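*Asks:* For reference, the chains in residue letters:
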Amino acid sequence: MSLVTGARLSRKQWDVLPMPQGVIARVEQMGLDQGQPLMIGGMPVFEWAPGIAIIDDVNDNIDFDIEEDDLPDDETNDENEDDNFQGTRKFLPLLHLMKTIQMTSYITTKMPKSTQNTTITLTTKVMIYCTLAQTTVQQTTMTMVFLLRMLRMLTMTMTATMVFLLRIMFPQNFSLIPKNFFRLYHQVIPILPRNKGAMMITQTAHLQALLSTLGARHVLTLTRLHTVWMTQLRQKATMPKCFRLTTMICGTVTRILDHHKAVMSKCFRLPLMISTALVAP
Amino acid sequence: MPKVLVRAITENTVKVLNQFPSQNGISKNLSLLTIMTGLPLPDYNSMTLELGTYCQIYEANDPTNTQHTQSTAAIALTPTGN
Chain A
92 MSLVTGARLS RKQWDVLPMP QGVIARVEQM GLDQGQPLMI GGMPVFEWAP GIAIIDDVND
152 NIDFDIEEDD LPDDETNDEN EDDNFQGTRK FLPLLHLMKT IQMTSYITTK MPKSTQNTTI
212 TLTTKVMIYC TLAQTTVQQT TMTMVFLLRM LRMLTMTMTA TMVFLLRIMF PQNFSLIPKN
272 FFRLYHQVIP ILPRNKGAMM ITQTAHLQAL LSTLGARHVL TLTRLHTVWM TQLRQKATMP
332 KCFRLTTMIC GTVTRILDHH KAVMSKCFRL PLMISTALVA P
Chain B
38 MPKVLVRAIT ENTVKVLNQF PSQNGISKNL SLLTIMTGLP LPDYNSMTLE LGTYCQIYEA
98 NDPTNTQHTQ STAAIALTPT GN
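If you read the protein sequences in the order shown, they are chains A and B. The numbering used here puts the first sequence at residues 92 to 372. The numbering used here puts the second sequence at residues 38 to 119.
Please note that the accuracy of each hint is not assured.
Said to hold, decoys possible - In the DSS-like style, the derived pairs of lysine-lysine whose C-alpha atoms are separated by at most 25 Å in a straight line are:
| id | chain 1 | residue 1 | chain 2 | residue 2 |
| --- | --- | --- | --- | --- |
| 1 | B | LYS40 | A | LYS103 |
| 2 | B | LYS52 | A | LYS103 |
| 3 | B | LYS52 | B | LYS40 |
| 4 | B | LYS65 | B | LYS52 |
I should point out that these hints are in silico values taken from the structure, not numbers from a laboratory. Quick caveat, the model's predicted, so the values are computed rather than measured.
In isolation and in its complexed conformation, chain A is listed as follows (with noise of 0.2 Å):
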């Protein structure tokens, strides 16, 4: 293939040469200019047909394992029993829709950007859901991956900045959180384009962490800055509109956290007293 026209071409003589980086970056440009997808986790995406995703089964990750001790008694099995068959009613609903937000990522990226605002209106109030039903770990992280293909332009220094600030300021309230959401990080940072020098991640995803960790008492907020944002982005929906509103969104959430300005200026003093303890002689 050469790299100069894309052609296939066939010739008899070459020299094989160490790869450059150079040519890594061509040939992710030519991925681009053709309108290839990105490969989450460096990968092709495994499907059963076009479009139809092939999704593991909810109850795969569950340990089966437990030991005779841990098991409560039998009386208060009893009693919790009604509890967990109301819990688990209460998300199969819930459960239903999320398979088939999944099953719609892969054709949505091929939609007009109208459609494709349908469905993030939809994934965000489904997410906003999951929080306060509490959904398991693997529903939330696989929403999060959607979401990503979904809006793989928006930046993502300030979340994980933001992030991180939380997690140690509210190291009791972040258990809420699931690993995953941070392994997450981890598996898509590598990918993601590197020409914008910054982390990537979904406004969605910014607020979902800020929800986990604050509470849910500001979901009404929440959802009032998500109708707003959704208006403006029908109106405009270009990527640079984008990078504004969520400037716009991260300062608004800001503002919300007007009340806990104590805590929020022991998030910044502690990178303050970082760069004080690295310019000090």
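We have chain A already, so just place chain B on it with the hints.
*Replies:* Below, chain B alone, put in the same frame as chain A:
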């Protein structure tokens, strides 16, 4: 990833898999490639270049002393079999 490269990777993978006998195939000694085309066992002369290797290929020009480049940067795909 460019379409040409994706197509070549798929083609190369299928070709390599067919060069070896299948576990559930009709023969344990003959590969699918040999059965279908009559070609012998894997020819290592056709495996000198690995897929994805960066190389400079030489253009078949007549002898000339112009300033034009006589080689092109390219990525190795699959052997054509010629």
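*Asks:* Can you give the numbers of the hints that this structure goes against, from lowest to highest?
*Replies:* Per hint list: zero violations.
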